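Got two chains here, each in a separate frame; can you build the complex from them with the hints?
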Amino acid sequence: ELKVEQNPLFLSMQEGKNYTIYCNYSTTSDRLYWYRQDPGKSLESLFVLLSNGAVKQEGRLMASLDTKARLSTLHITAAVHDLSATYFCAVVLMNRDDKIIFGKGTRLHILP
Amino acid sequence: DAGVTQSPTHLIKTRGQQVTLRCSPKSGHDTVSWYQQALGQGPQFIFQYYEEEERQRGNFPDRFSGHQFPNYSSELNVNALLLGDSALYLCASSRGVARQGDYGYTFGSGTRLTVV
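As given, the protein sequences belong to chains A and B, one line each in that order. Numbering of the first sequence is given in my numbering, commencing with residue 1 and proceeding in unit increments. Numbering of the second sequence is given in my numbering, commencing with residue 1 and proceeding in unit increments.
Simulated from the structure, these hints should not be mistaken for laboratory data. These numbers come from a predicted model, not from an experiment. We put the beta carbon where it would ideally sit given N, CA and C, even for glycine. Keep in mind that the hints are not guaranteed to be accurate.
[Unchecked claim] Derived DEER-like restraints, expressed as beta-carbon distance ranges:
| hint | chain 1 | residue 1 | chain 2 | residue 2 | range |
| --- | --- | --- | --- | --- | --- |
| 1 | B | Ile12 | A | Pro39 | 17 to 27 Å |
| 2 | A | Ala69 | B | Glu51 | 34 to 44 Å |
| 3 | A | Lys68 | B | Asn79 | 36 to 46 Å |
| 4 | B | Gly84 | A | Glu44 | 25 to 35 Å |
| 5 | A | Ser51 | B | Arg15 | 40 to 50 Å |
The shape of chain B in the complex, shown without the other chains (with noise of 0.2 Å):
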């Protein structure tokens, strides 16, 4: 049984480019979160996306975008990259709401994005 697999794992960009990184989610699961997690703090929450709609969003500006398929999966863009960009992104799946005595959510391994 598949987990949360995310692409690429590793990825090099320049000042003012434009990236997508991908999540799958784990089977079952069919709500994807993308977490922002820099050097030494805690994930931060990007937004949520349920039935190919997003349904919360953190404090990210509107260079941060997604996006989620018919098939669960999902994509996360982001425009005009800053230096202050770079970090490990995450994606966590979900069967619907977490419900209570669910364990929640399952994280991906991440895609380290490094803006130079």
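So here's chain A without its partners, still in its complex pose (with noise of 0.2 Å):
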């Protein structure tokens, strides 16, 4: 069974630091996504990892792809408070498309 860890679960931050998120998983996968979701909202899909060695960027965050170890990151680059949310990794089982397994998410705190 696919398990999907994320750490920290909590994370608080000062404006203008680095951090990174982490995200393993148990078994192997051809699909990543990170989403981000904010108090009482949905889910927004921030990025999307394809293939091993795979790196997205989408202004101060960076995503990762390291599929041999089963890991990737969420980089935050000089934070700002608009990044505070809960950010969660989802993966999908190789060859099962329709099903993706969430992590529990990293809570991300910014202060101002």
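This is how it looks when you write it as structure tokens:
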């Protein structure tokens, strides 16, 4: 059974700092998503990573994927308050496109 | 271009009652997946519908059932509600099987179900 673990689960940081959220998964997968969720809101798609070594960047967020290590990272550069949210990684089972497994999420609080 | 729409947005039910939640997929999408998100947790996969049939199911009891209509909209039904069913229920739509290069899934805003 595929398990997805994120760490840390909670992160409080000051504006201007850099930090990384880690996502480990337990079995082979060929697709990994990162989502953002604001309190009481739905999930906003940030990145989809499809292959080993994939790196994608959008603004202050950069995501990468290492399929051999079964690890994805979401790096935050020079954090700003607007990035405060909960971030989820989600993994698709190999050859089972119709089911995605989410991590528990990382609640990010950026202090102004 | 409308995204995924869910109704109602909020709902309060009593234990033992039954509830129906509704989802209209994004234009051009024909597959609907349902997720349950308990407070402080990640979404848990309930099931997925494609071509009006349930394709895949997560670890949820038979009290959870669904339906997909010819226009691709979907309903989630929960019978004999328990306090533990209180959660945000999210609907996600996609075009067939999410393919490489697609962003895959578009999520609705969810239905907040409270069971008292």
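Taking the hints in turn, this is what the structure says about them:
no.	hint	result
1	B:Ile12 / A:Pro39: 17 to 27 Å	20 Å, holds
2	A:Ala69 / B:Glu51: 34 to 44 Å	37 Å, holds
3	A:Lys68 / B:Asn79: 36 to 46 Å	45 Å, holds
4	B:Gly84 / A:Glu44: 25 to 35 Å	27 Å, holds
5	A:Ser51 / B:Arg15: 40 to 50 Å	47 Å, holds
Hint check: no violations occur; every hint is consistent with the structure.
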